[in-house]
Amino acid sequence: MAVSLDARVEARAGDLQLDVDLSVGQGETVAVLGPNGSGKTTLLRALAGLLPLEGGRVTLDGQVLEDAETGHRVPPEHRPVGMVFQDYLLFPHLDVLDNVAFGARRRGLRRSDARRVAAEWLDRLGLGDRIGARPAELSGGQAQRVALARALATDPALLLLDEPLAALDVATRAEVRRDLRERLRSFRGFRLLVTHDPVDAVTMADRLVVLEGGRVVQAGTAADITARPRTGYVAELAGTNLYRGRGTGDRVELAGGDQLVVPGGAVGEVFATVHPRAVALHRRAPEGSPRNVWQGRVVMLDRLADRVRVRVDGPVPIVAEVTVPAVAELGLGEGVDVWVAVKASEIATYPA
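The numbering of the sequence shown is the working numbering, which starts it at 44 and goes up by one.
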């Protein structure tokens, strides 16, 4: 796949120094994830031209939008970039039609032509009957679609979406997520989605890029990243336990001096992962032959549908996932002492 967006972005926002290499291919949706303050929105602002580069270069379909070395910089209003902001930023004093037409008028279209283009996009997005409404009269899902229509009415080559579902309540979010996914698939340009929600990312994106501290720490498909997380944040997204240590064959020596027995073949600096469902909890020392057994104390319980994630502190902190009946049967609660058991065969290792 030919690269259509090629960006080397070095920029500063407050105490954050952003240093990111990014590429997006034709017809591809890339989701950028990361904890708060990791640089996700800063990256979008730099690509849109709202934040100047300190270093690097941004090229879109062969056109250089910005080059810090030469000083060349296309201003935001002249870039073929549409942006949907987290809070949508609709003008409260304008009706839906003129909100959508605003971007097209800024790109040089006459008022009548801009309003015609706006009406066409609103009709495509199922809002043809709301063109005279004010933003305050719209539902969250409708406001999201108006913001998307405003970005698309500028005929952008690159569409940037900054947490487009964050302002929606839980009841609306799933429905609008499905709708937005279909809208993105019909957009012929290049799509970059910022989100902190892994469900949004996995549902709507072809590829994920994870930022931490202004740097890319991992990139790939959702399957690639969840199978081999490389940071605690990514492991949290993947819902797995992650450890780093030195492999000595059938053991991984952890930083604190403890160790995990593994299937074998772990040599040098490695990561080790344990799925929470592979963790067994007991109130007494377990019988049998689990290779990894230690005592710990429950510090948190978090119910997810019919399962409960149990965080246990101890020599090797770990999260177990058990059924609701098991919580009652074991008498689990914060402060309860438990034994943890993990079979060596349930631990996966890979180079760090």
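These aren't lab readings, by the way, just hints derived from the structure by calculation. Positions of the beta carbon are idealized from the N, C-alpha and C atoms, including for glycine. Mixed in with the good hints there might be a few duds.
[As the list claims (entries may be wrong)] If you anchor each label on the Cβ, the simulated ranges turn out as follows:
1) G282 x R326: 48 to 58 Å
2) L137 x E312: 56 to 66 Å
3) A214 x P394: 35 to 45 Å
4) R150 x D349: 31 to 41 Å
Now for the hints, and whether the structure bears them out:
| no. | hint | verdict |
| --- | --- | --- |
| 1 | G282 x R326: 48 to 58 Å | violated, 25 Å |
| 2 | L137 x E312: 56 to 66 Å | holds, 57 Å |
| 3 | A214 x P394: 35 to 45 Å | holds, 44 Å |
| 4 | R150 x D349: 31 to 41 Å | violated, 51 Å |
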